[in-house]
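Engineer: For reference, the chains in residue letters:
There are 2 protein chains.
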Amino acid sequence: MAEAAEGRRGRGGRGGAGGGAAARRAERSGGKAVQLPYIQRKINTFEILDEEAMEIIERNADTILAEVGIEFRDDPEAISMWKAAGAQIDGERVRFEKGMCRELMKTAPSQFTQHARNPERNVEIGGHNTVFAPVYGPPFVRALDGVRRYGTIEDFRNIVKMAYAAPAMHHSGGTVVEPSDIAVNKRHLDMVHAHMTLSDKPYMGSVTAPERAEDTVAMSKILFGDDFVDNNCVVTSLININSPLVMDDTMLGSLKVYARAGQACIISPFIVGGAMSPVTVAGTLTQVLAEAQAAIAFSQLCRPGAPVIMGTFATSISMQSGAPAFGTPEPSQVLYGAAQFARKYNLPFRSGGSLTGSKLPDAQAAYESANTLNATLLGGVNFSLHAAGWLEGGLVSSFEKFVMDCDQLAAQQKMAQGVSVDENGQALDAIREVGLGPVSHYLGAEHTQNNFKTAFFASTISDNNSFEQWEVEGSKSAPERANAIARKWIEEHEAPALDEGIREALDEFIAQKKNSMPDAFS
Amino acid sequence: MAEAAEGRRGRGGRGGAGGGAAARRAERSGGKAVQLPYIQRKINTFEILDEEAMEIIERNADTILAEVGIEFRDDPEAISMWKAAGAQIDGERVRFEKGMCRELMKTAPSQFTQHARNPERNVEIGGHNTVFAPVYGPPFVRALDGVRRYGTIEDFRNIVKMAYAAPAMHHSGGTVVEPSDIAVNKRHLDMVHAHMTLSDKPYMGSVTAPERAEDTVAMSKILFGDDFVDNNCVVTSLININSPLVMDDTMLGSLKVYARAGQACIISPFIVGGAMSPVTVAGTLTQVLAEAQAAIAFSQLCRPGAPVIMGTFATSISMQSGAPAFGTPEPSQVLYGAAQFARKYNLPFRSGGSLTGSKLPDAQAAYESANTLNATLLGGVNFSLHAAGWLEGGLVSSFEKFVMDCDQLAAQQKMAQGVSVDENGQALDAIREVGLGPVSHYLGAEHTQNNFKTAFFASTISDNNSFEQWEVEGSKSAPERANAIARKWIEEHEAPALDEGIREALDEFIAQKKNSMPDAFS
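Residue numbers (this note's numbering), protein chains in the order written: chain F, 926 to 1447; chain R, 926 to 1447.
Only chain F is shown next, with the shape it has when bound in the complex (with noise of 0.2 Å):
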């Protein structure tokens, strides 16, 4: 209960693991790619809503959870526990008095550290604090070669070579692609020793079922230690919601997992808008601060003070073909409109990426990405999935993409500073010095000369020379240029450090795993 009472305070100061232990991961991790540390914000965040709106939606969400309630799927423990915790109970469906989830979500912290092996590498979740990880789920890869092909380890282990690699990504991310040449039932053991080997950055763990959950716990614990593991969080993971209205028994599965060892859920409404929700923006921020509110209240049941973030993912609909569409306006709303009441309830907050629809690396999923992406920064979004790689409604992983996004991460991290008004940034002596133009001008300046290595954010991607250099060059586009980055991170990637130990203890226990069950595809 310890861990309940120092909740609201934050998690992130007991992370700190002074001495021996934190001297002991560094050396053990080796990882020399350059990074950028997570984003700490400096700008306002966007607000959609006014004080009206918010208490309209947050009463009509106290509503549903009153009257319809929310219904725990194929989980008595989950039941019994909601009867103790006084919820009101009929079979499987949970109903809410009002206030009563917004009271147990109090223990939740609202900013901790995700720790990474290596310790420069941690991220803080919550607060004005930003964090990228790539995309997740997809089935399909475009690779290289620019074939659509199902997922594979190999592409598996590449992408997490090129999130090591990104500097504005800050996460290793989980399932950067399903690795389909691998059994159901063991691929999540080598996804986790893909991010934990491959890469020092912090990673997701498996939510597919309970026990993926427990082994992902395991191996954390050979990664960092019982006792580390135990008092810190190592590890974020994904629990979506089947809205409207419904936990079922594998997510509330994971997520007793994952809350009882005190690591990190992500409780995220996955909401296609019209089908999963009203097709209304008020109506779907209703159903997703229900949904919400009851699922980290239970996560508050499993382990008072167990890190959490409040999730929301919404996407438009064509109406015309019932296919999700992202990037439009009004995902955005829900995501600024979802992030406000986080920021309400003191919860770290998910939503975002880079969104779109299209089949290609094109405009359309630039145009679409960067109204998302964009929404994302000003939203105050804490934590933000599919912030790279993500393609054709999160069918496909895409390598080119995945470079492109990068570079626009770290256009957003250079955003985030602000304007600074410093003696150096109101430059007023620069203006004396130039005086007056058009044949004066600021190239040469001292002020400019000791400014211009960070003054400007300076893209890895755009092509900002001439046309005739431009054409000389080959005439290339933007996802031909990121293709050959693509290639160099993953052809010049160097694993960083691991401890012999660790790395045999981790193959022993994936080798016992995967020889204790025959292999499972489906």
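Calculated from the structure, these hints are not laboratory results. Hints are not guaranteed to be accurate.
Pairs count within a copy or across copies, as identical chains cannot be separated in the list.
Said to hold, decoys possible - Calculated pairs, DMTMM-like style, for lysine to aspartate or glutamate (alpha carbon to alpha carbon, straight line, at most 20 Å): (1) 1401 to 1070; (2) 1031 to 992; (3) 1023 to 1354; (4) 1413 to 1393.
Let chain F serve as the given structure and place chain R on it in line with the hints.
Structural biologist: Same frame as chain F, now just chain R:
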């Protein structure tokens, strides 16, 4: 001076032009193009500067105006006007006491109507409104064959036709591409003529020489009538400042013509940051503020109450190549900051657009354009030039990008509507009705059926179909789909009806002007 007294209340009210004249204008304006009205924003603005930063920047701008001053070059009349107004004169250099320019700026209207010949297409410039206008100024074009070449008057007319067809394009613009097949000293006549005859949306005038500005006003008087033009804004024109800190005789000449005719000028420092201004955002804003204040104050010396738009066009720079870069964080920060000052001064604000340095309508183009366009909307820009069609740092007008950008403008227009929390928006009964998933869903709900036509932005460019369907339809990229739409818009263009007497008078004016002087090609 009645003009001046009325200034701060806005000129919109007077623009109604009730009774016979309006009816006659409506009658002779038969345009059938479906159009969204200018945007009336219902969402907040995003602010990047806090109160302290604004104070520092304004104080520094005052210091620059007082110490360094602004050069009014090759225009003795301007110097005399400043002398009479009490500024400190030193040759062509004009210095201003603290607050002097801001005091003069106060007669400029905070909002005004720019009239179109079809009153349904009038736009309100200022306040909570946003008006989108096409790309301005490129010498080159990428038309529908994709070849990059110098623009012609045919290209010009085709872009005017596209702007007329695009529902979220509120304005016909100005130099949508340079028609290089027409003499430099005569092309303005054909450009203004194209806007007046192929469209009935509002348009911009020539600024390349004072006499061409006079021609624009004269042609506008033929179209609208002398009295109407004298009492209402029917032209908005772009006056660029020669940063740093210089106004030249060309821009001053056109500014005087338009301001004295009661027509609107956008007064924009055009800044490649690090070259024409300090390399920092705060330094650039300081210079923008000094330049804009002096130029706007000058417009009010020409005619107190003349409508004017405070403009800012800023880019960052590639410090390797020296080329300007677009869609990067720093220009967005300049935009957000300058918008805050325009609001503080109760002036309409121009900035943003769909800017990019890309040579192709590819992912680079779309990322960069979307970044700028998101800032345009959230920053509260009132008049956005270059909202569609801009490519290659403004050297190229791209037909395909024009169509793709217009789709994004429509998305922003939807975004600007904000979140409705009326009973329909709340959708509480729908949530009650659908209840629990995942079997139950919202697609068939009555509330969804009642709302689906308008609930979600429907892109005309994005393909959200299944991969298989997309393949069947030819595996097209976004620019390929845009190409087909552009062809349709141009082919199906039907010029809005125009009174035959007016058409003849315009033709006669142009013929007379063209015959009065030899062709000049520089």
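Engineer: Tell me, which hint numbers fail for this structure?
Structural biologist: 2, 4
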